[in-house]
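Participant: Residues per chain are reported as follows:
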Amino acid sequence: MIAYAFRRVLSAIPIVFLTITVCFFILRLAPGGPFDGERALPANVLKNLRAHYNLDQPILTQFFIYVGGVLQGDFGPSMVMEDFTVSRLLSIGLPFTLMLGFTAFIVGTIAGLVAGALAAVNQNRWPDYLLVFVVLIPLIIPNFLMANLAQLIFGVYLGWLPVGGYRPGSYINLVMPIIILAMPHGARVARLVRGSMIEVLGTNYIRTARSKGLGAALILTRHAIKPALLPVVSYLGPGLSYLLTGSLVVEQIFALPGIGKYFITAALNRDYGLVLGTTILYVFIILALNLIVDVLYAWLDPKVRLN
Amino acid sequence: MAGITGKDTVLTAYAVALEQEAPKGRSLTQDALRRLFANKAAVVSIFLLAAVILIAIIGPYFLPWSYDKIDWTSIRKPPDFAKGHFLGTDQNGRDMAARILQGTQMSLTVAGVATVVSVVIGIAYGAIAGYFGGRIDAAMMRFVDIMYALPYILFVIILVVIFGRSPVLLFVGIGCLEWLTMARIVRGQTLSIKEREFIEAARAGGAKPFAIIFRHIVPNLTGPVVIYATLTVPEIILTESFLSYLGLGVQEPQTSLGTLISFGAPVAEALPWMLFGPALFLVLMLVCFSYIGDGLRDALDPKDR
Numbered sequence: 022m023i024a025y026a027f028r029r030v031l032s033a034i035p036i037v038f039l040t041i042t043v044c045f046f047i048l049r050l051a052p053g054g055p056f057d058g059e060r061a062l063p064a065n066v067l068k069n070l071r072a073h074y075n076l077d078q079p080i081l082t083q084f085f086i087y088v089g090g091v092l093q094g095d096f097g098p099s100m101v102m103e104d105f106t107v108s109r110l111l112s113i114g115l116p117f118t119l120m121l122g123f124t125a126f127i128v129g130t131i132a133g134l135v136a137g138a139l140a141a142v143n144q145n146r147w148p149d150y151l152l153v154f155v156v157l158i159p160l161i162i163p164n165f166l167m168a169n170l171a172q173l174i175f176g177v178y179l180g181w182l183p184v185g186g187y188r189p190g191s192y193i194n195l196v197m198p199i200i201i202l203a204m205p206h207g208a209r210v211a212r213l214v215r216g217s218m219i220e221v222l223g224t225n226y227i228r229t230a231r232s233k234g235l236g237a238a239l240i241l242t243r244h245a246i247k248p249a250l251l252p253v254v255s256y257l258g259p260g261l262s263y264l265l266t267g268s269l270v271v272e273q274i275f276a277l278p279g280i281g282k283y284f285i286t287a288a289l290n291r292d293y294g295l296v297l298g299t300t301i302l303y304v305f306i307i308l309a310l311n312l313i314v315d316v317l318y319a320w321l322d323p324k325v326r327l328n
Numbered sequence: 224m225a226g227i228t229g230k231d232t233v234l235t236a237y238a239v240a241l242e243q244e245a246p247k248g249r250s251l252t253q254d255a256l257r258r259l260f261a262n263k264a265a266v267v268s269i270f271l272l273a274a275v276i277l278i279a280i281i282g283p284y285f286l287p288w289s290y291d292k293i294d295w296t297s298i299r300k301p302p303d304f305a306k307g308h309f310l311g312t313d314q315n316g317r318d319m320a321a322r323i324l325q326g327t328q329m330s331l332t333v334a335g336v337a338t339v340v341s342v343v344i345g346i347a348y349g350a351i352a353g354y355f356g357g358r359i360d361a362a363m364m365r366f367v368d369i370m371y372a373l374p375y376i377l378f379v380i381i382l383v384v385i386f387g388r389s390p391v392l393l394f395v396g397i398g399c400l401e402w403l404t405m406a407r408i409v410r411g412q413t414l415s416i417k418e419r420e421f422i423e424a425a426r427a428g429g430a431k432p433f434a435i436i437f438r439h440i441v442p443n444l445t446g447p448v449v450i451y452a453t454l455t456v457p458e459i460i461l462t463e464s465f466l467s468y469l470g471l472g473v474q475e476p477q478t479s480l481g482t483l484i485s486f487g488a489p490v491a492e493a494l495p496w497m498l499f500g501p502a503l504f505l506v507l508m509l510v511c512f513s514y515i516g517d518g519l520r521d522a523l524d525p526k527d528r
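So the sequence lines, in the order shown, correspond to chains A and B.
The first sequence begins at 22 in this note's numbering and counts up by one.
The second sequence begins at 224 in this note's numbering and counts up by one.
Extracted from the complex, chain A is given alone in its bound form (with noise of 0.2 Å):
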C-alpha cells in the first residue's frame, strides 16, 4: 500500500517539471509581451524593466532562475499588477479557489449520491424518469449559461440571492456559485450510481439477500452501496479537475477572487508570470488530487494494488 503510494508520487514528479518546462518555453518564446502597450516605452526604460525581470538574460538561464525559484515557493514578479508578486496573489487566491472547489464537491457528491441510487431503486417508475431527465439538464447546458441564467431568475428577476461579489463572510454571495459548480459534478455521479446500482441489485448475492428476507433499506445499506461506489470513487479523480477548471469561468461570471479569476485575466492581459504560475499550481492540485484518490481506489480495490 505505502509502496504503492510512493510509486504514484514519484511517476507524479516528471510530470509537473513537464509542465513548467513546456508552460516556460511556450510562455517565452511567445511574440509580444507585457509591456507591449499601446504606446511604445523610451528604450531606455523597456532596457531597466527588462533588466528588472531577468529578460535580458539568455532564455535558459531564465528558466534556471525559474526553476530555482518555483522549488523555493517563489514564482517571480507579476508583470502586470505591480507591487505583487505572483506567489502572494495565489496565496489570496488559492484558498478560495480550494474552498469553493470542496464544498461545491461535496454538495455535488452528496446530491448525486443520493439522486442516483433513488433512480436506481425506483428503475423504471415515475421517480427515475424525472431523476434522469433533471440530470441531463446540467449536463447539457454550459456551465456559463446556466450561470447567467441563475443570475438573471434568482438574482435579478426573483432578487433572492445576490448576483455576484464576495467579501470575507458573505456566504449568501457563493450559494449560487456552488451551486452552478456542482450541478454537472452531482449529474455525473448521479448517472454513475444509478448505472452501477441497478447492475448490483441485478446480482445473485442480492436476490440471496432478498429471498432470505432482508428488509430494502438493509440491503442497500449493506450490500449494495460498497460495490456500487467503485466507478464513482474512479470518477473522482477526472470530476476534481472538471470542477477546478469549471471554478475558472463561474469565477469569472460571480466575480469571485479566486486563481480561476487570476489566470482568465493574466492570460488577456498577457501576464506571463501570473499565467505560468497559476497554471503550475492547477496542475500540481490535479495531479496531488489524482493521486489522493488512486491510493484511496487502491485501498478500496486490491486488484489495483497488486498489478
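For the record, the hints were derived by calculation from the structure and aren't laboratory data.
Each hint should be verified, as a subset may be incorrect.
What the hints assert, rightly or not - Restraint ranges, calculated between C-beta atoms of paired labels, are given here:
hint, chain 1, residue 1, chain 2, residue 2, range
1, A, L321, B, Q253, 34 to 42 Å
2, B, A261, A, L321, 37 to 45 Å
3, A, E103, B, G307, 45 to 53 Å
4, B, V239, A, D104, 55 to 63 Å
5, B, P495, A, W181, 13 to 21 Å
6, A, P252, B, S415, 20 to 28 Å
7, A, A276, B, Q314, 17 to 25 Å
8, B, A305, A, F305, 56 to 64 Å
Said to hold, decoys possible - Computed cross-link-like contacts, SDA-like style, restricted to lysine to any residue with a CA-CA straight-line distance of at most 20 Å:
hint, chain 1, residue 1, chain 2, residue 2
9, B, K263, A, K68
10, A, K68, A, I80
11, B, K292, B, A274
12, A, K247, A, V314
13, B, K306, B, L494
14, B, K263, A, Y150
15, A, K247, A, V221
16, A, K247, A, N225
17, B, K263, B, I280
18, B, K263, A, F154
19, B, K263, A, V221
20, B, K431, B, G446
To be verified - One side only, chain B facing chain A, incomplete, derived with CB under 7 Å:
hint, residue
21, I369
22, M370
23, A372
24, L461
25, A491
26, L509
27, S513
Beta carbons are placed, not taken as given, at the ideal position from N, Cα and C, and that holds for glycine.
Given chain A, work out where chain B should sit, using these hints.
Facilitator: Same frame as chain A, but now just chain B:
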C-alpha cells in the same frame, strides 16, 4: 468539456462489441445502425440537427440583413417582423437572426475542423503506438496518460493567448488537445488487427511498416472513427463557446454562439432576446448531439438498456 456525450463509454462499448464474434450475416455496424434508427429520440435528433445545420448554411441568404450590417433606425430593438429583424437587434443595430446563424456556422466550422485535426492526430498516434508495440508503445501511451491528467482547457487558453485569436488557430489548438481518447481506442484496435492474417500477408509481401499502418490498418478503423467524430463535435462546440465566452474566441464582426452569449448575458435584463436567441440555438444543438450519443451507446451495447 469532456464527458457531455459520454464519448469514452460509447467507444469502449464499441471496442468490446468488436471483440465478441459478430452475428452471422450481419456486421456489427449494420446491426448497430439498425438499432440506432429504431431509437426515436436519436432519429428525431439527427433530423433536427440536420435542419439546424442546413438553416445555418443557407438561412443567411434568405434574411434581409447581413450579420455585419448596421440598421441605424433600429438599435437595441426587440423582434420586429415589419423591418425583417426576426430576433431583434443588438446594441449596434445589427440583426440578431443573421448574427446567430453566422455564429452557428462559425461554431460548426470550428468543431468540424478541430474534429478532423484530432482524428488525424489520434489515428496516426494510436496506430503507430499499437503497431510497433513494446517500448515505443509504452512510452507513447505514457505520454497520453500524462496528458489525460492535465487540465487541457488551461493549455487551450495559453495557446490562444499566445498565437492570437484567429479562428484557424482556434481550430488547430483545440484539435491538438482533443485526440487522446481517439489514440487510445485506435491503439487497442490496432493491437488486435495487426495479428490478423492479411497483415501477416502484407508483411510477407515486403510492405514497409508505415505502408501497412496507413494502407491496411487505418481503413479498418472506420467504425470507431465515425463514432468518435460524432461525439467530438459537440464537445468542441462547447469548448469553443467557453473560450469565446471568456473573450478568447473569434473576433468582431465575425461571431460565434459563445461570443453572442457573452455579449447577451450582461444586458439580458433589458434586452433578453440577445441572450435567449443564441442560447436556444446552442442548447438545441447540444441536446441533439447528446441524444445521438445516447442512441449510439444503446445501439452498441444493448445490455445497458
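Participant: Compare the structure with each hint and give your call.
Facilitator: Hint check:
1. L321/A to Q253/B: 34 to 42 Å: At roughly 41 Å between Cβ atoms, Q253/B and L321/A fall inside 34 to 42 Å, so the hint holds.
2. A261/B to L321/A: 37 to 45 Å: holds, 39 Å
3. E103/A to G307/B: 45 to 53 Å: holds, 51 Å
4. V239/B to D104/A: 55 to 63 Å: holds, 58 Å
5. P495/B to W181/A: 13 to 21 Å: holds, 19 Å
6. P252/A to S415/B: 20 to 28 Å: holds, 25 Å
7. A276/A to Q314/B: 17 to 25 Å: Holds, at about 22 Å.
8. A305/B to F305/A: 56 to 64 Å: With Cβ atoms ~59 Å apart, the hint holds.
9. K263/B to K68/A: violated, 68 Å
10. K68/A to I80/A: holds, 16 Å
11. K292/B to A274/B: The given pair, whose Cα atoms are some 25 Å apart, is violated under the 20 Å limit.
12. K247/A to V314/A: Distance ~16 Å between K247/A and V314/A Cα, so the pair holds.
13. K306/B to L494/B: Holds. K306/B to L494/B sits at ~18 Å (cutoff 20 Å).
14. K263/B to Y150/A: Holds. K263/B to Y150/A sits at ~17 Å (cutoff 20 Å).
15. K247/A to V221/A: Holds, at roughly 10 Å.
16. K247/A to N225/A: Since the Cα atoms of K247/A and N225/A sit roughly 16 Å apart, the hinted pair holds (cutoff 20 Å).
17. K263/B to I280/B: Answer violated: K263/B to I280/B is near 26 Å, above 20 Å.
18. K263/B to F154/A: Given that 20 Å is the threshold and the Cα spacing comes to 16 Å, the pair holds.
19. K263/B to V221/A: violated, 29 Å
20. K431/B to G446/B: violated, 25 Å
21. I369: At about 5 Å, which falls below the 7 Å cut-off, the nearest Cβ of chain A leaves the hint on I369/B intact, so it holds.
22. M370: violated, 10 Å
23. A372: holds, 6 Å
24. L461: Where the cut-off is 7 Å and the nearest Cβ of chain A is about 6 Å from L461/B, the hint holds.
25. A491: holds, 5 Å
26. L509: holds, 5 Å
27. S513: holds, 5 Å
When the structure is compared with the earlier hints, violations turn up for hints 9, 11, 17, 19, 20, 22 and for no others.
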